[in-house]
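Q: Sequence:
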Amino acid sequence: MYKFIIVILLIIIFVELIFIGYNLINKNKKYIYFDGINAMEYNNNYYVAVGSNNDNDNHFEKAKISFYNKKKEKILENVYNVGYNSSFFGTLIDGDNVIAVGSYEKDKSDRKNSVRHALIVKYDLNGKILFEKDFKLLDNSKFTNISKYGDYYYVTGQSVYKNNKIGTDSGGAILCKYDKDGKLIWSKSYGSNKSAIYNNLIICNDSLYVVGNDENYLGIICRYDFDGNIIDYNDYKSTDNIGFSGIVNIEDKIYVSGANRGGDSTDAMIVMYDSSCNYLSEVTYDNGGIDRFSKLVLDDDKNIIAIGTMYTTRTDSDESVDEYNYNGIIGKYDSNLNMIDVVNYGDERDDYFTDIIFANEKYLVSGYSSYEDGSYMSKFINYSKALKVLEVE
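Taking our numbering, the leading residue of the sequence shown gets 1070, the next gets one more, and so forth.
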């Protein structure tokens, strides 16, 4: 009996040691909270923002859509809790509905192979899903942005082979047309099936203009008709690995943003094209590091407002595996690309600007910042037309 008790006690001690060891191991696995906004839209009644966070038990990245009132107070948030990791990259307000586009790991196979399906989801104003559709040509796919013309949605994105795979199937940058019920009308692909991507689009001059990146740091701008036929095309050497990412128009002039690459550094850049995609001029901004303009918007004076991120070599003594400081940047240019002003933003350890809209005579910038505990939190920054910070929310 005595030996039996000793054995039981030893088993209990052994189990307790395993439990303590497990807790110590997991305590050292620091959980980094992330909440980021990738894109936003506005009408006269509310704001919509899309992005992702990892506020769940498994700490998966989950796509989210958030609704805010005119005071930018959050009134509703809906997490897309399907599959594994996911994110939304673009959004569109269509009457009483909102459409979000992005990507997600649909099943265990996607999760195992670290690939995703492109995703388009339509919501009503109560956050109820009206339709959800995914898209895939090759291994890894995502939708990046969306616009509307008539009764159809036009969506940009990418569908490529995963890194270690070679093939001859069509893929690369993708442009898709959907009806309002989520039926795919057609899809078109362009460029390298390993790396090409369409990042953004606008609809003007009775055409679709899409911008992105092909292989070897080649920025691309393409003009399509509404049946998916390419009308005009141009490329730009040399951008960074994102390529062209912002696009607006003033009458028959098309303005695109990105980065001008020279050696190990890049300058933030805006390029002007005519309606046939012929190069007209460009302007760059050099802050001495790695700089890019990611998104563009027009104000009511037909000025071009550009936002992005600049990387400079980290000089502080904080422990970090990252050699750069990341700051937001906002610039204002006239229609001839004359610089009016450029302002940097560095409120926290690292700051990233992701999107911009012009509303109520102010420039509203979305993004996220990192903090000393390693977490990332989304934020809104309100700028005056003189590029002065009015409020950070």
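Warning: the hint list may mix true and false statements.
[Claimed, not checked] The calculated label-pair distances, taken between Cβ atoms and stated as ranges, are:
| no. | residue 1 | residue 2 | range |
| --- | --- | --- | --- |
| 1 | Asn1125 | Gly1251 | 22 to 32 Å |
| 2 | Tyr1348 | Ser1178 | 41 to 51 Å |
| 3 | Asn1166 | Asp1403 | 34 to 44 Å |
| 4 | Gly1415 | Asn1298 | 39 to 49 Å |
| 5 | Asp1403 | Asn1233 | 46 to 56 Å |
| 6 | Asp1250 | Gly1332 | 41 to 51 Å |
| 7 | Asp1403 | Lys1140 | 30 to 40 Å |
| 8 | Glu1284 | Gly1443 | 29 to 39 Å |
| 9 | Ser1334 | Asp1410 | 21 to 31 Å |
| 10 | Lys1139 | Ser1334 | 18 to 28 Å |
| 11 | Asp1250 | Ser1453 | 26 to 36 Å |
[Said to hold, decoys possible] Quick list of in silico lysine to any residue cross-link-like pairs, SDA-like style, CA-CA up to 25 Å:
| no. | residue 1 | residue 2 |
| --- | --- | --- |
| 12 | Lys1141 | Tyr1153 |
| 13 | Lys1140 | Glu1462 |
| 14 | Lys1448 | Tyr1115 |
| 15 | Lys1246 | Gly1164 |
| 16 | Lys1175 | Tyr1230 |
| 17 | Lys1257 | Asp1163 |
| 18 | Lys1141 | Asp1368 |
| 19 | Lys1322 | Tyr1286 |
| 20 | Lys1205 | Lys1246 |
| 21 | Lys1177 | Val1151 |
| 22 | Lys1448 | Ser1404 |
| 23 | Lys1448 | Val1411 |
| 24 | Lys1454 | Gly1331 |
Treat the hints as calculated values from the structure; they're not laboratory data.
For every residue, glycine included, the Cβ atom is placed at its ideal position computed from N, Cα and C.
Q: Which hints, by number, does the structure contradict?
A: 10, 11, 12, 22, 24
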